[in-house]
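So the chains spell out like this:
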Amino acid sequence: MNTTQLVAKLAERLEISQAEAKRLLKSQLDVIADHLAAGQQVVLRGFGTLGVRRTAAHKGQLPGTDEKVLFPAHRQIFFRPAAALKEEASEWEAK
Amino acid sequence: MNNRVHMGAIAEAMAAREPQAATRNRIAALRQVAAAVLDIIRDGLRDHGHVRLHEFGTFRLKAVAGRRGRNPQTGESLWIPPHSKVIFTPAKALLKRVEPVHPRPVALTPAPSVTPASPRPNPPVVAVDTGPQPKPAPHTVTPPSRPEHPQRATIRPAAAPSSEASLPPQPRFRVEDEFNARTEPAQRAERPTQPAPPQPAPAEPPTQQGVPVPADDDHPPRLAWRVAAAVLVGLVAAFLLWPNQEELTPVAGQIPAAQNSAASVRELAASEPPATSQPVTIPDSGPAITSQISEKDSEPEVAPLLAETSADQPVVISEADQPIPEQKPDTQVSLPEATASEPQPAREPFFAATSYQVQPGDSLWRLSRRYYSDPVIWPHIYGANVAEVRNPDLIASGLTLALPELQGPPSELTKTDRRAIASGYFEVYRYYTEVDHPQAIFALFAVRVFDDEIYQSHRDEIHPNRIRILEGSPVPLRYLSGALKRLQEPQS
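Protein chains in written order, with this note's numbering: chain A, 2 to 96; chain B, 103 to 594.
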């Protein structure tokens, strides 16, 4: 499913125009991104938590090469599914 | 737990982005919208296995194989059946917002030789560029495109030809080459001039020049072997030369022979060591090189220029490449500073200044969370509105507030941001001292967290007891709220 399909479903469910639905979705994702950029965790109840964590510098290997590299400390975005979603999703079929 | 943002805050921030005022009803409605979006994402995961959100990321179901696990409490072995789990892959755009300058991996093993080695890796790249380019040329005719290639090729060191020398020679040339090997030098001299058309054939004659002559003079038993060696060298040279010839002919029909021969001999000389260790070829090719080089040098004035420009390009590239590995160790060592200072000047302010009419239910804390996506910096608003708002804990609905600009996001406040927030906190301190608010000292803590200079400049206003508390010992972190601790983190 992509953004377009999601917007169509959202418009149908809320009985609003697709343009409006698209704007709302974009606004929501934008707000979440802002909070992530501010280093905060976004708790979406019943769905999961999006957050940023710092990763320490570590050695590694670039895929496909023999080159050993050092990955400098950086920030990573993580998603931790809520218990409810986790349980539901374990039954679903990955495609 | 100010570090965690829930749906309410998201709905509020969404309402803040709308043109109309953020009423309670609207916020509630947007909360429904946000919940519906999550619901649809969940449905999408179930039905499609993935949900791709443009410029945000992808939620995807991932199959997990069954495995034998252990109950960590009892140590009992149990079977975990295969199942699916939800994973999220952030989009590049989202990652960029979280970390504007993503540090790139640094090569480890050649770390000490990064700077001296970087020019070296580059020429091979260029050589590879020139190498493969001529190769397709004989088959697909693209001669007029790059006239500078012959010169480039002549400049190439032995590295490129030798690598090509290992390639299998084309079988269809063998007959011709053998023929050429036995022809007289005179015949060969004629040949290059006449077959100008861009066929591979003209390339061969010059290549043979130095090689086969001694072969005829030598003893019969050796002869066959030498001829074979000569043919091999010739083949290699022909293979190398062939494209050059092709590109040359259309450019300047009058000088292909000389130039080609020069190129051929040079490359021949270059390719000799890897191809054959025969002493025979060297004495002959020696004079040929000198004579033809002189010919060639006298001919085109453009050639060195082109050669220079073509030689310059790799240098530029290497210069462009070099700083990156040099910078990497720096960014890795002092990451927070680098990321904080670099992106700001290029970016537009995180929040542009506006005005806002206070609605019922608003507070400075909530407004800050809504517009700056971080509540802790609410004195930023207060500092800009001290004249209208005396009590920061009570703002009248209907009042119009100025929402000052915020240059960087709360995670990467600029110096001016920090100063403004610190002076806002100092205003809070002033008011709290006036009304004898118990939390006055915490406002001072915050002033020091954001910008110590503001604290120092107002030090004479502060009661000595408070200064003693603040400066007497390191500020115990437990006195700071979680949010302030978080803000202090990148500074210290």
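Hints may be right or wrong, so weigh each one.
[As the list claims (entries may be wrong)] Straight-line C-alpha distance at most 30 Å; calculated DSS-like pairs for lysine-lysine:
| no. | chain 1 | residue 1 | chain 2 | residue 2 |
| --- | --- | --- | --- | --- |
| 1 | A | K27 | B | K187 |
| 2 | B | K198 | B | K187 |
| 3 | A | K27 | B | K194 |
[Said to hold, decoys possible] Every beta carbon over 12 Å from chain A, so not counted as near; a handful from chain B, in silico:
| no. | residue |
| --- | --- |
| 4 | N105 |
| 5 | E120 |
| 6 | N127 |
| 7 | A326 |
| 8 | P462 |
| 9 | R472 |
| 10 | Y533 |
| 11 | T535 |
| 12 | F544 |
| 13 | I556 |
| 14 | S559 |
Everything labelled a hint here was simulated from the structure, so no lab data went into it. Virtual Cβ for every residue (Gly too), placed ideally from N, Cα, C.
Hint check:
With a C-alpha separation of about 26 Å, the suggested pair K27 of chain A and K187 of chain B falls inside the 30 Å cut-off, and the hint holds. Between K198 of chain B and K187 of chain B the CA atoms are separated by roughly 26 Å; this keeps the pair inside 30 Å, and the hint holds. Distance restraint check for K27 of chain A and K194 of chain B: the Cα-Cα separation of roughly 16 Å lies within the 30 Å cut-off, and the hinted pair is therefore satisfied. Separation of N105 of chain B from chain A is inadequate, the least Cβ-Cβ distance of about 5 Å not exceeding the 12 Å criterion.
Non-interface status of E120 of chain B relative to chain A is broken: a Cβ of that chain comes within 12 Å, the nearest being about 8 Å off. Every C-beta of chain A lies more than 12 Å from that of N127 of chain B, the closest at about 15 Å, which supports listing it as non-interface. Chain A leaves A326 of chain B outside its interface by the beta-carbon criterion, the shortest separation being 45 Å against a cut-off of 12 Å. The beta carbon of P462 of chain B is kept farther than 12 Å from every beta carbon of chain A, the shortest such distance being approximately 22 Å.
Taking the minimum C-beta to C-beta distance to chain A, about 9 Å, the non-interface status of R472 of chain B is violated against the 12 Å cut. In this structure Y533 of chain B is separated from chain A by more than 12 Å, as the shortest Cβ-Cβ distance comes to about 26 Å. In this structure T535 of chain B is separated from chain A by more than 12 Å, as the shortest Cβ-Cβ distance comes to about 30 Å. Here F544 of chain B stays apart from chain A, with its beta-carbon at least about 21 Å from theirs, past the 12 Å limit.
Listed as a non-interface residue, I556 of chain B keeps its Cβ farther than 12 Å from every Cβ of chain A; the least gap is roughly 22 Å. Distance check for S559 of chain B against chain A: the nearest CB is about 28 Å away, which clears 12 Å, and the non-interface claim stands.
In summary, the structure is inconsistent with hints 4, 5, 9 from the numbered list given earlier, while agreeing with the others.
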